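Given next are the chains, with one letter for each unit.
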Amino acid sequence: MTRTFDEETRARLEVDAKEIIARYPKARSALLPLLHLVQAEEGHVSTAGIGFCADQLGLTAAEVTAVATFYTMYKRRPVGDYHVGVCTNTLCAVMGGDEIFSALKEHLGVGNDETTEDGKVTLEHVECNAACDFAPVVMVNWEFFDNQTPDSAKELVDGLRLGRDVRPTRGPGSVCTWKEASRVLAGFSDGRADEGPQAAGPSLEGLRLARERGWTAPAPGDAGAGEEAGQ
Amino acid sequence: MTTTLTPVLSDNWDRPDAPTLEGYRAAGGYRALRTALSMEPDALVEKVKTSGLRGRGGAGFPTGMKWGFLPADNPNPRYLVVNADESEPGTCKDIPLMMASPHTLLEGVIISSYAIRSNQAFIYVRGEVLHVIRRLRRAVEEAYAAGLLGTDILGSGFDLDVVVHAGAGAYICGEETALLDSLEGYRGQPRLKPPFPAVAGLYASPTVVNNVESIATVPAIVANGAEWFTSMGTEKSAGFGFFSLSGHVTRPGQYEAPLGVTLRELLDMAGGIRAGHELKFWTPGGSSTPIFTDEHLDTPLDFESVGAAGSMLGTRALQIFDETTCVVRAVGRWIAFYAHESCGKCTPCREGNYWMVQVLDRLEAGEGSEADLEKLLDICDNLLGRSFCALGDGATSPVMSSIKYFRQEYIDHFEQGGCPFDHAKSTVWGGA
Chain D
0 MTRTFDEETR ARLEVDAKEI IARYPKARSA LLPLLHLVQA EEGHVSTAGI
50 GFCADQLGLT AAEVTAVATF YTMYKRRPVG DYHVGVCTNT LCAVMGGDEI
100 FSALKEHLGV GNDETTEDGK VTLEHVECNA ACDFAPVVMV NWEFFDNQTP
150 DSAKELVDGL RLGRDVRPTR GPGSVCTWKE ASRVLAGFSD GRADEGPQAA
200 GPSLEGLRLA RERGWTAPAP GDAGAGEEAG Q
Chain P
0 MTTTLTPVLS DNWDRPDAPT LEGYRAAGGY RALRTALSME PDALVEKVKT
50 SGLRGRGGAG FPTGMKWGFL PADNPNPRYL VVNADESEPG TCKDIPLMMA
100 SPHTLLEGVI ISSYAIRSNQ AFIYVRGEVL HVIRRLRRAV EEAYAAGLLG
150 TDILGSGFDL DVVVHAGAGA YICGEETALL DSLEGYRGQP RLKPPFPAVA
200 GLYASPTVVN NVESIATVPA IVANGAEWFT SMGTEKSAGF GFFSLSGHVT
250 RPGQYEAPLG VTLRELLDMA GGIRAGHELK FWTPGGSSTP IFTDEHLDTP
300 LDFESVGAAG SMLGTRALQI FDETTCVVRA VGRWIAFYAH ESCGKCTPCR
350 EGNYWMVQVL DRLEAGEGSE ADLEKLLDIC DNLLGRSFCA LGDGATSPVM
400 SSIKYFRQEY IDHFEQGGCP FDHAKSTVWG GA
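In the order they appear, the protein sequences are chains D and P.
If you're matching positions, the first sequence starts at 0 in numbering that gives the first Met the number 0 and goes up one per residue.
If you're matching positions, the second sequence starts at 0 in numbering that gives the first Met the number 0 and goes up one per residue.
I should point out that these hints are in silico values taken from the structure, not numbers from a laboratory.
Possibly wrong hints are sitting among the right ones.
Unchecked claim - Covered by chain P, according to a simulated footprint, are these stretches of chain D (three or more residues, beta-carbon under 8 angstroms):
no.	stretch
1	90-104
2	157-164
3	182-189
Stated by the list, open to error - Straight line, CA to CA, 27 angstroms or less: simulated DSS-like cross-link-like pairs of lysine-lysine:
no.	chain 1	residue 1	chain 2	residue 2
4	P	Lys344	D	Lys74
5	P	Lys424	P	Lys403
6	P	Lys192	P	Lys344
7	P	Lys46	D	Lys25
8	D	Lys25	P	Lys344
9	D	Lys119	D	Lys74
10	P	Lys374	P	Lys344
11	D	Lys17	D	Lys178
12	D	Lys153	D	Lys119
13	D	Lys74	D	Lys17
14	P	Lys46	P	Lys344
15	P	Lys374	P	Lys403
16	D	Lys104	P	Lys344
17	D	Lys153	P	Lys424
18	D	Lys25	D	Lys104
As the list claims (entries may be wrong) - Sample of chain D residues facing chain P (criterion: CB under 8 angstroms; computed from the structure):
no.	residue
19	Ala21
20	Pro24
21	Lys25
22	Tyr73
23	Arg76
24	Trp141
25	Thr168
26	Gly170
27	Leu203
28	Glu204
29	Trp214
Quick caveat, the model's predicted, so the values are computed rather than measured.
Glycine included, C-beta positions come from ideal geometry on N, C-alpha and C.
Starting from the given sequences, assemble the full structure and let the hints guide the process.
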């Protein structure tokens, strides 16, 4: 295991690091994005990555490690190309998340936080990802795959392993790799913001009903808002 | 009197071009900003105070009053920090807002920063939502290019920089002082208050931390007036908000309605509980708010009424569970979440949740006893009001309220030596 990045990698990442640090009034605020940056390089936060962050910010390796180990998105061991997170918080679990997680463990032959032998898929159960109206939810490299079933989730991971086009339900046209996703988190655009729908399904349910029934917020200066007249 | 929906923040979500600056402007976006920049900052603070807008992130603290706490004589720069760390189980309103219309938030950020005289704002967004982060950053880029951010915004002389900061997975960072520590590059652990962020927040400077939905509501108040806002909702809970229905309902989703709407009315709009089933229990505002049952179908969902009925409005995250759901399993899973997410700073939360998981596990497996229920309540008694931050207090909500309403169901587990429920029937595909 290398303890530092080689010369070329280090020089390249230092340019990125300078750009990140320049965004903040105080340099240490750049630590979270810098950790995303080194994770983008290696797929996890290694000893070399921690050393790099420490050097950029004038911190000790211990100070950086204390932060890196606090946050669940930083992985201290290598992760596959695709991180598959199954929500097993109460709402998703009840709606079928537990069944999906069990089905994927069996189908992939891995346990929680383990990677398939081909290095493609790391399976993990995750906490609430703020898409409860789309339950049960699966995240791949932190893109939304809504309204999953055990069968759809198995098909999803098979597609990832076979290199097929896999499209998030609310997200870009295809899933990027774990390293590419980490680079976006570090603050470097991949130019894909305009891809995918603005909203879908349950996000539009209330608006759809309001349109159907002619319900609107009151016009400015109009009292009796939000209540039907004469009732 | 029947309450109807009042789409304001979601009104442009059915436009495919809603996320873009062009699409947002075509729907009337950034007009409020021009109005705001022609006003005195203090007049804006006053307007938001008059509107009665209360924080939409759960606690319900009056937004204008929070702004008013910034000390006038502090020479340090002021900061606006948007809490976009939406992680409370059941809460799913800010993410679709930022995905569909990031400029709604951004317009609110610019107006609010101007009002509090801040030249640097941060949007702290949870890291686990990649496409939302792309959309926010793209919106910021577009705004800079259009002169809506940067120096001398729209010729007003007002300067503002905005940074979209991605978190890295920690529920605790939704607590405002933990969020600030995290934004400063530390472990996200809550700070002792006072001093409050208004006095010593980010980099020990005067700071306002507001939820996404609160800030996104500001442009509508500026555009339409405080009276327009107070014409919706109730006297003490003014305006509208997202009610996020999830779980065993026919049409889950986002329903933007005046505060004070009831679950009965919302269920009627959402097609009711899924076919062939009935309501068992629900959370009014996320897992940290005590659960309700069918007794509370007509409780007005405003801060006062929900409080008087023994819970909290929270984030209006209505997680709905039907009669197939085991309450012991549901609560056990929530407490496993709190145990996992406890930052470890204070003993009641760190140890209390750890032990509650052990007790709830054996209760669910049918290996508990009546004494375990007393043990849980005793741990809650040592947690509630004794933990460092509200997130520790929140963990007691599902435990205490479920024992209050469903004590017999806990007893059934150990009397029958196991869970009496077939979990398969609770699933989306198993309910028919």
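- Checked against the structure, which of the hints given earlier come out wrong? Hints 2, 7, 14, 16, 18, 19, 23 and 25 contradicted; others consistent.
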